[in-house]
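Enquirer: So the chains spell out like this:
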Amino acid sequence: MDYTWQFNVVWRNFDVLLQGAWLTFQLGVFAFAGGTLVGLIGAAIKTYGPLPARLLVDVYVVFITNTPALIQIYFLYFGLPEVGVRWSSEACVLIGLTLNAGAYLTLILRAGFLSVRTTEMEAGETLGMSRLQQIRYIVVPHIAKSIYPALANFFIVVLVMGTSVGALIGVDELTGTAINLSTVNYRWLEYFTVTAGLYVVLTLVASVGLALLGRWAFRVKARIV
Amino acid sequence: MPHLAVSGVHANYGALEVLHGISFDVDRGGIVSLVGPSGSGKSTVLRTLVGLTRATRGTVEIDGDVIDYRSARAIRAARDRMAIVFQQYNLFQNMTVLRNCTLAPVKIKRRPRSEVEAEARDLLALVGLADKADAYPDELSGGQQQRVAIARALALRPDILLLDEVTSALDPELVGEVLDTIRRLSDEGMTMLLVSHEMGFVREVSNAVVFMDAGRVVETGSPAQIFDAPRSDRARDFFGKVLRH
Numbered sequence: 001m002d003y004t005w006q007f008n009v010v011w012r013n014f015d016v017l018l019q020g021a022w023l024t025f026q027l028g029v030f031a032f033a034g035g036t037l038v039g040l041i042g043a044a045i046k047t048y049g050p051l052p053a054r055l056l057v058d059v060y061v062v063f064i065t066n067t068p069a070l071i072q073i074y075f076l077y078f079g080l081p082e083v084g085v086r087w088s089s090e091a092c093v094l095i096g097l098t099l100n101a102g103a104y105l106t107l108i109l110r111a112g113f114l115s116v117r118t119t120e121m122e123a124g125e126t127l128g129m130s131r132l133q134q135i136r137y138i139v140v141p142h143i144a145k146s147i148y149p150a151l152a153n154f155f156i157v158v159l160v161m162g163t164s165v166g167a168l169i170g171v172d173e174l175t176g177t178a179i180n181l182s183t184v185n186y187r188w189l190e191y192f193t194v195t196a197g198l199y200v201v202l203t204l205v206a207s208v209g210l211a212l213l214g215r216w217a218f219r220v221k222a223r224i225v
Numbered sequence: 001m002p003h004l005a006v007s008g009v010h011a012n013y014g015a016l017e018v019l020h021g022i023s024f025d026v027d028r029g030g031i032v033s034l035v036g037p038s039g040s041g042k043s044t045v046l047r048t049l050v051g052l053t054r055a056t057r058g059t060v061e062i063d064g065d066v067i068d069y070r071s072a073r074a075i076r077a078a079r080d081r082m083a084i085v086f087q088q089y090n091l092f093q094n095m096t097v098l099r100n101c102t103l104a105p106v107k108i109k110r111r112p113r114s115e116v117e118a119e120a121r122d123l124l125a126l127v128g129l130a131d132k133a134d135a136y137p138d139e140l141s142g143g144q145q146q147r148v149a150i151a152r153a154l155a156l157r158p159d160i161l162l163l164d165e166v167t168s169a170l171d172p173e174l175v176g177e178v179l180d181t182i183r184r185l186s187d188e189g190m191t192m193l194l195v196s197h198e199m200g201f202v203r204e205v206s207n208a209v210v211f212m213d214a215g216r217v218v219e220t221g222s223p224a225q226i227f228d229a230p231r232s233d234r235a236r237d238f239f240g241k242v243l244r245h
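Chains as they are written, first to last, in this note's numbering: chain E, 1 to 225; chain A, 1 to 245.
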């Protein structure tokens, strides 16, 4: 193999890559936060809601989890303008990822709802809590603690795999930025080596952040890495 | 007028009727104990009183006010006046002892936090756990957790305290500390209804004992009468077995 690695051009544009990484991070955090909210509502309805509402959530979950995220985002970006709804590419990625994550998180969080001890819920009920108060004060902290690892893993999935789909509709997140820069001077190998490294760093930063958040907020004894 | 009057209460689990017309009274400041074999419906009586199990027939009155169990608001109002302590403590595992006690009064009853916290610390002192306010439930022994559960119930300032086999899940050496707490409450004039298998204790603290079997009240009387001279064969048989040990 007589390939000559030339990283100079990459370092010259490193700040552009970092901007891409920052956008990736923001998209990941917001999509995950939004998805968690959607998932929480979905799981609550699945567990306590009336039958028609439960069926509606089932339809949502089945459709989203059985179609590629790319198709969902294409639907928003290329499909909706046909009926007059035009969102920016960033908005489409964010909304698409939120709805996508929301469906998976409905399933993940449902496990948390089902594993709350009924006795704790009854104690809450006899102390005068409404169903919403029981969810807020008993279920959510329980979920945060008991299925924290599953949630943290899924955040990484959204952060790394989810956001990179944005590159295909022109969002300048990390993957999109790397593609753009590479096409200028054909240093694909160098750019993607550094980009891969940046993804790992991003993931590590996110993991440490999540573990610290978990310890501080929910007494989760999570490993840092 | 009795503080708590239960008359002709029926209750179902699904299609199965488990209470077939339960009646008894508890006087203000009095202690009534429900005793009887497992599965006789003692705990279901307490669950029905606080609306966790739905009464299908009969009436429950507190100070002469009939509780309408078909109305969620009436059930909430009843829960303001009756607090229940469970066999398995059912503390909120994700909160400190103090927050377990203050959550409902502050977030649900909307009382000022400083006042509630001061009162909760007094209650924890009453149950002998003043130094555990900042501990989490999983850092406490069963007896300590049960005493926290009692403090949490008292923090709601109930008129009537329902205690459901509060010592059954405890090691024998931890039973004493919980019974001491109940004795102290009784001295302070709290109206209590207890389900218990601690026959010696029941005999000592109760004003009246209700013997239940198969979802019915078999007989009611003073502790001495029920334990020493039961009228029914079923009670004689039961106490013959449990009191021998």
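Hints in this document: simulated from the structure, not taken from any laboratory.
Please note that the accuracy of each hint is not assured.
To be verified - With a Cα cut of at most 30 Å, we get these calculated DSS-like pairs of lysine-lysine: (1) E:K46 - E:K145; (2) A:K107 - E:K46; (3) A:K107 - E:K145; (4) E:K145 - A:K109.
Said to hold, decoys possible - Selected chain E positions facing chain A (Cβ under 8 Å, derived; list incomplete): (5) S115; (6) T119; (7) E122; (8) A123; (9) E125; (10) T126; (11) M129; (12) Q133; (13) I138; (14) P141; (15) K145; (16) P149; (17) D172.
C-beta atoms are modelled at their ideal positions from N, C-alpha and C, and glycine is treated no differently.
Enquirer: Does the structure break any of the earlier hints, and which numbers would those be?
Expert: 5, 16, 17
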